[in-house]
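Asks: Sequence:
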Amino acid sequence: WRTALAEMVRVVKTGGLIIQGVDWRDPTSCVGLLRSQLRQAVMDLLPGSRPPGAGAAVNQHLAKLGVSVGDPIEAARWQRSISPAEVLAGMAARIDTETWALSDEILQAAIERVQVWAEHRWADLNEPQVVEHRFLLTVGRVA
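According to our numbering, the stretch in the sequence shown is residues 21 to 163, in order.
A couple of the hints might just be wrong.
Here are the simulated distance ranges between beta carbons [what the hints assert, rightly or not]:
hint, residue 1, residue 2, range
1, Glu-147, Thr-34, 49 to 57 Å
2, Asp-124, Glu-27, 27 to 35 Å
3, Ser-56, Val-150, 12 to 20 Å
4, Ala-163, Ile-126, 38 to 46 Å
5, Gly-52, Gly-86, 28 to 36 Å
6, Leu-37, Glu-147, 39 to 47 Å
7, Leu-65, Val-31, 34 to 42 Å
8, Val-31, Arg-141, 39 to 47 Å
9, Val-150, Ser-88, 32 to 40 Å
10, Val-150, Trp-120, 21 to 29 Å
11, Leu-145, Gly-35, 46 to 54 Å
Quick caveat, the hints were computed from the structure, so don't treat them as lab data. Beta carbons: idealized from backbone N, C-alpha and C, even for Gly.
The task is simple: from the sequences and hints, build the whole structure.
Replies: In structure tokens:
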């Protein structure tokens, strides 16, 4: 991802803009908690691995490349109902980008760990919960 950012900065002319869109999910919701558990399970299964660059890491690297990044702008906010079971099924179906680079074996083992954690966290994994989502934009200007 660092190479991709460097290439973006290289091809955008001085004074040009780089606009990033980010999906935000309430970190205290079932979606946020389960995604966090999945990341931890993968790091436990693959010692030395790190989650892909996101948020602060991307903006810090852009700053090193001479891009001034502004504060996030909320473009949209909504709520939806989803159960922990649906979130887990989505992970198994590789809906989240974080699952795309994982081997089938690692993904299955990680989801098994997250499933056990979820069963201890919620009495009914099929009970829908309201989750807040936001779509955030950050605008960076190339120096």
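Asks: For every hint, state whether the structure bears it out.
Replies: Do the hints match the structure? See the list:
The hint said 49 to 57 Å for the Cβ distance between Glu-147 and Thr-34, and at roughly 53 Å that hint holds. Taken as a hint, the range 27 to 35 Å holds for the pair Asp-124 and Glu-27, whose Cβ atoms sit roughly 31 Å apart. The hinted window of 12 to 20 Å between Ser-56 and Val-150 holds, with their beta carbons roughly 18 Å apart. For the pair Ala-163 and Ile-126, the supplied restraint of 38 to 46 Å holds, since their beta-carbon distance comes to about 40 Å.
Range check, Gly-52 to Gly-86: about 33 Å between beta-carbon atoms, so the 28 to 36 Å window is met. Our hint of 39 to 47 Å for Leu-37 and Glu-147 holds, since their Cβ atoms are close to 43 Å apart. At about 37 Å, the CB distance of Leu-65 to Val-31 agrees with the hint of 34 to 42 Å. Hint check: Val-31 to Arg-141, Cβ distance near 45 Å, so the stated range 39 to 47 Å holds.
Roughly 36 Å separates the CB atoms of Val-150 and Ser-88, a value that falls within the hinted 32 to 40 Å. For the pair Val-150 and Trp-120, the supplied restraint of 21 to 29 Å holds, since their beta-carbon distance comes to about 27 Å. Between Leu-145 and Gly-35 the Cβ separation comes to about 51 Å, which falls inside the hinted range of 46 to 54 Å.
No hint from the list above goes unmet by this structure.
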